[in-house]
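Asks: Can you build the whole structure from these sequences, using the hints too?
Taken in sequence, the protein lines are chains A, B, C and D. 1 is the number of the first residue of the first sequence in the working numbering; add one for each residue after it. 1 is the number of the first residue of the second sequence in the working numbering; add one for each residue after it. 1 is the number of the first residue of the third sequence in the working numbering; add one for each residue after it. 1 is the number of the first residue of the fourth sequence in the working numbering; add one for each residue after it.
Quick caveat, the hints were computed from the structure, so don't treat them as lab data. Certain hints may be false.
The list makes no distinction among identical chains, and a pair is therefore deemed to hold if it is satisfied within one copy or across any two copies.
Straight-line Cα separation of at most 27 Å, DSSO-like style, residue types lysine-lysine; simulated pairs [claimed, not checked]:
id, residue 1, residue 2
1, K251, K114
2, K251, K227
3, K251, K70
4, K70, K222
5, K107, K227
6, K222, K251
7, K31, K227
8, K251, K166
9, K145, K70
10, K114, K222
11, K117, K31
12, K65, K145
Because the structure is a prediction, the values reported are computed rather than measured.
There are 4 protein chains.
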Amino acid sequence: MPDRLRAAIVGATGYTSLELLRWLLRHPQVKVTVLASRKTEQPISEIFPELLGRIDLPIEPFEPKVIAQKADIAFLCVPHATAMQYAPELLSVGLRVIDLSADYRLKDTRLYEKWYKHPHTDAENLAHAVYGLPDLFARQIASAKLIANPGCYTTSAILPLAPLVKAGLIDSQDIIVNAASGISGAGRNPVPQHHFPERNESFEAYAIGTHRHAPEIAEGIKLGSGKEVGITFVPHLVPMDRGILATIYTKPTVLATIDLALQAWRSAYGSSPFVRIRTGAPPSTKYVINTNYIDMAIYQYGNRWVIISALDNMVKGAAGQAIENMNLVAGFPQAMGLN
Amino acid sequence: MPDRLRAAIVGATGYTSLELLRWLLRHPQVKVTVLASRKTEQPISEIFPELLGRIDLPIEPFEPKVIAQKADIAFLCVPHATAMQYAPELLSVGLRVIDLSADYRLKDTRLYEKWYKHPHTDAENLAHAVYGLPDLFARQIASAKLIANPGCYTTSAILPLAPLVKAGLIDSQDIIVNAASGISGAGRNPVPQHHFPERNESFEAYAIGTHRHAPEIAEGIKLGSGKEVGITFVPHLVPMDRGILATIYTKPTVLATIDLALQAWRSAYGSSPFVRIRTGAPPSTKYVINTNYIDMAIYQYGNRWVIISALDNMVKGAAGQAIENMNLVAGFPQAMGLN
Amino acid sequence: MPDRLRAAIVGATGYTSLELLRWLLRHPQVKVTVLASRKTEQPISEIFPELLGRIDLPIEPFEPKVIAQKADIAFLCVPHATAMQYAPELLSVGLRVIDLSADYRLKDTRLYEKWYKHPHTDAENLAHAVYGLPDLFARQIASAKLIANPGCYTTSAILPLAPLVKAGLIDSQDIIVNAASGISGAGRNPVPQHHFPERNESFEAYAIGTHRHAPEIAEGIKLGSGKEVGITFVPHLVPMDRGILATIYTKPTVLATIDLALQAWRSAYGSSPFVRIRTGAPPSTKYVINTNYIDMAIYQYGNRWVIISALDNMVKGAAGQAIENMNLVAGFPQAMGLN
Amino acid sequence: MPDRLRAAIVGATGYTSLELLRWLLRHPQVKVTVLASRKTEQPISEIFPELLGRIDLPIEPFEPKVIAQKADIAFLCVPHATAMQYAPELLSVGLRVIDLSADYRLKDTRLYEKWYKHPHTDAENLAHAVYGLPDLFARQIASAKLIANPGCYTTSAILPLAPLVKAGLIDSQDIIVNAASGISGAGRNPVPQHHFPERNESFEAYAIGTHRHAPEIAEGIKLGSGKEVGITFVPHLVPMDRGILATIYTKPTVLATIDLALQAWRSAYGSSPFVRIRTGAPPSTKYVINTNYIDMAIYQYGNRWVIISALDNMVKGAAGQAIENMNLVAGFPQAMGLN
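Replies: Written as structure tokens, this is what we have:
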């Protein structure tokens, strides 16, 4: 690869694409060379007026061969089901692919089909796709052709839980993940429930028992710990732009202590540039928004442990983590361009 | 009319209908007997979950004769252009009509057609429609068959300005109305620009020189003062549910003083139950939301006067003022059910 | 008591006092006759500009005998520890007292002292104080001299849980109450953590294991069910004015079904005017704010039940419930003035 | 100066300091070497938890000689009146100073004393201080010892207006600046009026005729255009964290056209990296927050021009513009570290 990595964004009109651009335009070793979309030929600065004067690329149709001439790596920001149509074409022309959709996250196609109500048509690439949690799987990511970038809620749950499950410190069958997210996580499509007067001054749970991040959390923890887990996952909507807070209720095992838990975290994430373990002020979404950090803390509460994690769903929960993955693939320092 | 006034709401699925219901369900002398819509037959408590257990009426299609059997007065909450189709039918079966659309606000059909890009098809009823600003036109309203309920921005501008123009205290040709509104004023349709992540943490001007309330403000002031005025009107959007603040820049005439201005206001609104003249803490939308009040204050600034008014766009700017009009028509005290 | 009940508000400068005034000024059978505070002699409309023109009472110092001449019932809106100084004086001059502080909620003074870090100095009145949850304890409330109005979080947890615990439908030792509140619940004192730029666009947990509503929830459920419970309670802050959503995780007992749970709720609250059991759209704070309703729903999630409840912390969680209690004491219908 | 500029922040505990740190920690040619405050010795990551793990400097007392050993340039983030005590000391030990307070903005000490109610005690340095608007005064800034960094509102008004006044395109005596700001502009002190429940869902004007940015706007335009102007300035508060929108009402002179206005802007700001002239989507605070851009647009409205400008009060309106000034002083490209 050349000194300056050339990046394509496919599916350029969504919020994750905008967030990628915000960070990549500031990355010292990357040049965005392609913006592709089948939806529009509008200039990107009309779609996202904040980009006026910051990037001057036309939006082009999705032509893998053309993209391969201009770019080394492609970020796939299209919806699930579309991603698994595009990824094979991009891979076949030699591009590295970081897919921000859910299509390559669940290894079991039957599980995928159950939750996404859609047949999985690319088992071949699914087989070698790497789950893109750099704080747990940096080595595999570095050599991956296809990276499944994790979901936002899932990152907030897997990172604090995997080391504790692996170390046998918590009951792996009794885990409750109560999470709350800002509204950018719902995407750019103006649905009635996210119309400003409906969403503002409103707090609610949704998708109780039906949210697709539930099986991904379980699979991600298994991948990071080697153990099956039982998860109850209930997401909520907070009237704010960005940020996820996960409040996780677990039961420590017999000899487990908070100190051992902190030790497990430190041992897992000692060299992770964006995992912060908090022992003073508890995590808040306020302290991580517009950054790539995930903050974690753990509290004893009677016979339970309450774990809090916080991240920005658009950064550590999407574009920022994708750039960490890109850095690893390109051989750059993991944190480059993300401070 | 019977002791308990029977009210129909036509166009029951919009925010103004919801706001009417919030207040009418609490009014001691009114019973809502009809909810009509051509859009849906869903129960009203599915459209507006907050109404669960509070009202049990089915939504029925728009059938004027059926409505006339069940109701004495109809609130028209349909969009402009539709209202002037429905109003004649409701009037012809003997109902009093309070139209919350813009169709009967501008007396000059050419002006209407210029701003609303639509021919006016009901000049006959337009001729006798009364502009429903109870604080200025209570007498005419009491005997009106058809009332054109004023716009939200327009109420915030006409009420403070009309008495000052009438008294010759300000230059009627040099008036700037800089107004800002919460987002409920934009209605219930989930358009991209009011998608929560777009609107939240955002402040902007819109419709500069093209907002339809501009000619209505001028016409309303003329109606209330007898004088033609020149208005520059620029509306803005504030990331909040409800509330309008108008910041009005005027030039006092030679002998005008703030005291004379206050006197003109007090003389005009001394018996108005919902006009509050503030001389201490300046008006804020916070002090009027969820109430039917309009607050006003006036300040000398060099050779200019700055006037501030505040109201709730859904109450004094829509449903609350409509209920004042209903009270006047029914012979109830103007403030009944609105405290 | 006279036809029109005369009410005093003691501690008139806080948010609960403002909320009481909003509702009482609209109550058909009540007249607010006293506003007392030791803090200020400012007119109430300077403290709360929204009250301008709506109430004209001076704020007077706390003089129980004077209050007794003017009022039949007193709402105590002072902080805990102060309330137990004032309540005995008000009771001794013959007033009925509804205390919105925490001083008479916990029957065990040692428990009180442990959580509130303050000796309890009024065991005598504590002995006969009635816990003011009208949906569970209406009969006792009707004849009470002193009513301990429940906390906001506590109401959101006790009402859905008590009937299920009583009916033996859930494991009483394994209950997690994950709750989130708007910021009015934190009171009117401008502390750094609730400064707008800190709180806006922010979501966080707080007081993990140390929130004083935890023991009150346990005691309230015991009072309503006869059973000891084990509660893990974690509150969160949502950047909005008002509203509480509780997401409650429980384990059903062997033969328990969702139908039996709904039946237990309906049997407990069939005649409660403000308890709404939702089976369609799930509860949201949006549907209850500015009302006295509490909404509840229950969902099966694997081997757990997830219960959601929502209420307005200032209404059903404070002033509205206090007015229900007042209505019961006065012999008025429970819902009077609260629609 | 060395390759890597060493920067001190004096008054490290305010929002402008936090914003400076956010940007400087990412600047490729700057190292923050000193954090000074007389208020606290807390670690900076306890004051601003978002900085945990990002900067490891202790907070030290204000000792100019010590600072001079460690730093080349100092950002003064202390309140006005304090700044003019500190600046002379910092200058005397050879540091370049960028003052973010108001102390060196107004050249006339009598004007300063009138508006700031405080004697000006440093006329000596005031005489050579340069007003730090890099888009108008880059040359003077490059060689300045002391830079008076402009106010947030003032930047939003001076930049669009100065070229138009200079070119004689608008009536310099008839200018209304109606501006609205997010709440971070009010600083970190938790005053009652910015307590979350007071400020949220609220929009209001404040300081009508008394805001200290009014004389600064007039002086800045004079500095940039050579002409005296008459300004009516009314600021408002928007319930959001950051962003200023100025809606400016002016009267074009006889032969002035919108095209000439755009030409005047382009000619003034053709090489300004952060001034964006918009002719499509109108400016919104949303498009500039968390960036150093100022967006401008101009509209004909009858016989008036309406000009809209937008910027982030914490970036272009404070810390970002300070860094532009620092870049100019250090000989770096004006935009370095600000993309």
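Asks: Look at each hint and say if it fits the structure.
Replies: Against the structure, the hints come out as follows:
no.: 1; hint: K251 <-> K114; in the structure: between (29 Å within a copy, 26 Å between copies)
no.: 2; hint: K251 <-> K227; in the structure: both (16 Å within a copy, 23 Å between copies)
no.: 3; hint: K251 <-> K70; in the structure: neither (52 Å within a copy, 50 Å between copies)
no.: 4; hint: K70 <-> K222; in the structure: neither (38 Å within a copy, 50 Å between copies)
no.: 5; hint: K107 <-> K227; in the structure: within (15 Å within a copy, 46 Å between copies)
no.: 6; hint: K222 <-> K251; in the structure: both (18 Å within a copy, 24 Å between copies)
no.: 7; hint: K31 <-> K227; in the structure: neither (40 Å within a copy, 45 Å between copies)
no.: 8; hint: K251 <-> K166; in the structure: both (14 Å within a copy, 26 Å between copies)
no.: 9; hint: K145 <-> K70; in the structure: within (18 Å within a copy, 47 Å between copies)
no.: 10; hint: K114 <-> K222; in the structure: within (19 Å within a copy, 42 Å between copies)
no.: 11; hint: K117 <-> K31; in the structure: neither (37 Å within a copy, 47 Å between copies)
no.: 12; hint: K65 <-> K145; in the structure: within (17 Å within a copy, 56 Å between copies)
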